[in-house]
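A.B. asks: Residue numbers are given in the working numbering: position 470 of the sequence shown equals residue 470, and the series is strictly consecutive.
If you are wondering where the hints come from, they were derived from the structure by calculation, not from laboratory data. Fair warning: there could be bad hints in the mix.
Said to hold, decoys possible - Per label pair, the in silico range of CB-to-CB distance:
id: 1; residue 1: 409; residue 2: 548; range: 16 to 26 Å
id: 2; residue 1: 511; residue 2: 541; range: 46 to 56 Å
id: 3; residue 1: 552; residue 2: 507; range: 32 to 42 Å
id: 4; residue 1: 534; residue 2: 48; range: 44 to 54 Å
id: 5; residue 1: 29; residue 2: 507; range: 42 to 52 Å
id: 6; residue 1: 167; residue 2: 548; range: 27 to 37 Å
id: 7; residue 1: 527; residue 2: 431; range: 19 to 29 Å
id: 8; residue 1: 483; residue 2: 536; range: 50 to 60 Å
id: 9; residue 1: 290; residue 2: 72; range: 29 to 39 Å
id: 10; residue 1: 72; residue 2: 329; range: 39 to 49 Å
id: 11; residue 1: 72; residue 2: 545; range: 54 to 64 Å
Quick reminder that beta carbons are idealized off the backbone N, C-alpha and C, glycines included.
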Amino acid sequence: MTTTGTSVTASATATGSATVTGSATAGTGTGTGTLLRFALRRDRVLVPVWVAVNALMVLSMPGTLRGLYGTAAERAGLMRQMETNSSLRALVGPVFGDSLGALTAWRVGVYAGALAAVTSLLIVVRHTRDEEESGRQELVASGMVGRRAPLTAALLAAAVANAALALLVAAGLAGQGVAGALALGLGIAGVGMLFATTAAIVAQLTESARLARGLTAAVLGGAFVLRAAGDSAAGGDTSRAVGSGGGSSVLTWVSPLGWLENLRAFAGERWWVLLLLAGATAAQAAVAYALAGRRDLGMSFLPTRPGPAAGRLRTAGALAWRLQRGSVLGWSTGFLLAGLVYGGMTEGAAGLVGDNERAREIIERMGGQAGLTDAFVSAMIGMLGLVAALYVVASVLRMGGEETSGRAEPVLAGAVGRLRWAAGHLVIAFGGAALIMLLAGLGFAAGYGHDLGPILGACLVHLPAVWVVGGAAVLLHGLLPRAAVAAWGLAGAVLLLGWIGPALDVPRAALDLSPYGHLPKLPGGGMSWPPVLTLLLVAGALVGLGLAGLRRRDLTA
Numbered sequence: 001m002t003t004t005g006t007s008v009t010a011s012a013t014a015t016g017s018a019t020v021t022g023s024a025t026a027g028t029g030t031g032t033g034t035l036l037r038f039a040l041r042r043d044r045v046l047v048p049v050w051v052a053v054n055a056l057m058v059l060s061m062p063g064t065l066r067g068l069y070g071t072a073a074e075r076a077g078l079m080r081q082m083e084t085n086s087s088l089r090a091l092v093g094p095v096f097g098d099s100l101g102a103l104t105a106w107r108v109g110v111y112a113g114a115l116a117a118v119t120s121l122l123i124v125v126r127h128t129r130d131e132e133e134s135g136r137q138e139l140v141a142s143g144m145v146g147r148r149a150p151l152t153a154a155l156l157a158a159a160v161a162n163a164a165l166a167l168l169v170a171a172g173l174a175g176q177g178v179a180g181a182l183a184l185g186l187g188i189a190g191v192g193m194l195f196a197t198t199a200a201i202v203a204q205l206t207e208s209a210r211l212a213r214g215l216t217a218a219v220l221g222g223a224f225v226l227r228a229a230g231d232s233a234a235g236g237d238t239s240r241a242v243g244s245g246g247g248s249s250v251l252t253w254v255s256p257l258g259w260l261e262n263l264r265a266f267a268g269e270r271w272w273v274l275l276l277l278a279g280a281t282a283a284q285a286a287v288a289y290a291l292a293g294r295r296d297l298g299m300s301f302l303p304t305r306p307g308p309a310a311g312r313l314r315t316a317g318a319l320a321w322r323l324q325r326g327s328v329l330g331w332s333t334g335f336l337l338a339g340l341v342y343g344g345m346t347e348g349a350a351g352l353v354g355d356n357e358r359a360r361e362i363i364e365r366m367g368g369q370a371g372l373t374d375a376f377v378s379a380m381i382g383m384l385g386l387v388a389a390l391y392v393v394a395s396v397l398r399m400g401g402e403e404t405s406g407r408a409e410p411v412l413a414g415a416v417g418r419l420r421w422a423a424g425h426l427v428i429a430f431g432g433a434a435l436i437m438l439l440a441g442l443g444f445a446a447g448y449g450h451d452l453g454p455i456l457g458a459c460l461v462h463l464p465a466v467w468v469v470g471g472a473a474v475l476l477h478g479l480l481p482r483a484a485v486a487a488w489g490l491a492g493a494v495l496l497l498g499w500i501g502p503a504l505d506v507p508r509a510a511l512d513l514s515p516y517g518h519l520p521k522l523p524g525g526g527m528s529w530p531p532v533l534t535l536l537l538v539a540g541a542l543v544g545l546g547l548a549g550l551r552r553r554d555l556t557a
């Protein structure tokens, strides 16, 4: 069958369905501009929120560090501590300079790069594999759209987000040194674009958007682990490292996050490291384009293995577990390892803070005033609790993906009610949050080498706040499915308040806007049940309202 300007080729499949292979007259990039504008319009909430959170995290750091290490003696003491504490080097990397700019790059550079990578992979997968999986790309491809236009538009959308981030970072830190600010901004954006092209490759290899996101996130996690292992093994000899080429191990150089670290913004910039990022990005983009030109729309080079239609998949809950088990496993592994790392560095917390009253105040605002070590433990567990909100939002919004892809409709056409179907996913979301916090506690206790009970209690007390964020995601999905993506903005705002708020001495009224602001500071502090029970009731109410809305509305088309 041939229409004006369009060629549709029948796929040799058992179902006899038609596979759109693209316009016969359109060039490979035709329609890229229109698709880019559409992608930016779809992401007009998600991308600005993630970029703003990342930029604020970086730009707030010089003021915080000025209060923490305002004198040369305090900065020298910090550098000595970093030379001898391998756990802290694994967490944040070595220090290459003692200026406020260099300390900012040390403290948040790797994390800003990782957050830029997460934003980029979400953008690329959303506008490539997600569109194919939902069937929307087939409709788009039936018009005057080039074969590689969707991939190009997705990468350009990621480039816009990373360029905005680089501009904000460079402009905001210019007062610390124009060259260093530009290097750090470009380095963070470069890491983001590198993982954007990684996601582009994975999206060609896999048949599932969920798997594409998971595999790309696993690559990012591997890069972080390699960087941490390399920095831990390196001697941390900053005096030798600055400007001399030393101080980094081979493992650090294997990781793109290690490249960002070794760009050494504000500490004798190595501009040639940007060429590594640019070259790797270009190479991966070429591979992604080559793969995109060699497969049919909707197909993949690694097709999903078909599973049994009976037995373990007879219930909606079993199906939800099958769909989300990879995500649960990945998050569980990450939280267990994070707990081990944080637990291992607890003993060195007192030495790192030393007599620095400003650092002590920040840790006590985050973790309570029951002693520096307990406050540090509480603060680190609190950080893991904040990150757990991202898991619960992703897991809850999985229901939206099932609706828009059309997979929920045949399930609900059988003897499965909407509440039963939703309950399967919500058990994975809320129960999975409890599991990853439990594993974080086990890892923390193992790394710390102290009693398990108080550590587990400190981890589990964060669940009501995590569940409130998850309940808000359920509410949005049930009542306003088109606006459900705003749950990511809520999670980002909560993360920003919890991470940066104490360092900036944000007023208590602002911190109380977050559900985490009402939790007791454990271990060390006293347990307070009223706020915990209140948060549980709020979470339950949000979930109930969301499920009521889900029962009354039409499925998302």
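A.B. asks: If a hint holds in the structure, say so; if it does not, say that too.
C.D. replies: Status of the hints after comparison with the structure:
At roughly 20 Å, the beta carbons of residue 409 and residue 548 sit within the given window of 16 to 26 Å. Take residue 511 and residue 541: their Cβ atoms lie about 22 Å apart, and the range 46 to 56 Å is violated. Between residue 552 and residue 507 the beta carbons are some 40 Å apart, a value that agrees with the proposed interval 32 to 42 Å. Checking the proposed 44 to 54 Å range against residue 534 and residue 48 shows it is violated: the Cβ atoms sit about 32 Å from each other.
Against the hinted window of 42 to 52 Å, the Cβ-Cβ separation of residue 29 and residue 507 comes to about 51 Å, which satisfies the hint. Between residue 167 and residue 548 the beta carbons are some 44 Å apart, a value that contradicts the proposed interval 27 to 37 Å. Roughly 23 Å separates the CB atoms of residue 527 and residue 431, a value that falls within the hinted 19 to 29 Å. Distance hint check: the CB atoms of residue 483 and residue 536 are about 25 Å apart, inconsistent with the given range 50 to 60 Å.
Checking the proposed 29 to 39 Å range against residue 290 and residue 72 shows it is violated: the Cβ atoms sit about 53 Å from each other. Under the hint 39 to 49 Å, the C-beta atoms of residue 72 and residue 329, about 47 Å apart, fit the expected range. Taking 54 to 64 Å as the suggested C-beta distance range, the pair residue 72 and residue 545 conforms, at roughly 56 Å.
Comparing the model with each earlier hint shows violations of hints 2, 4, 6, 8 and 9; every other hint is respected.
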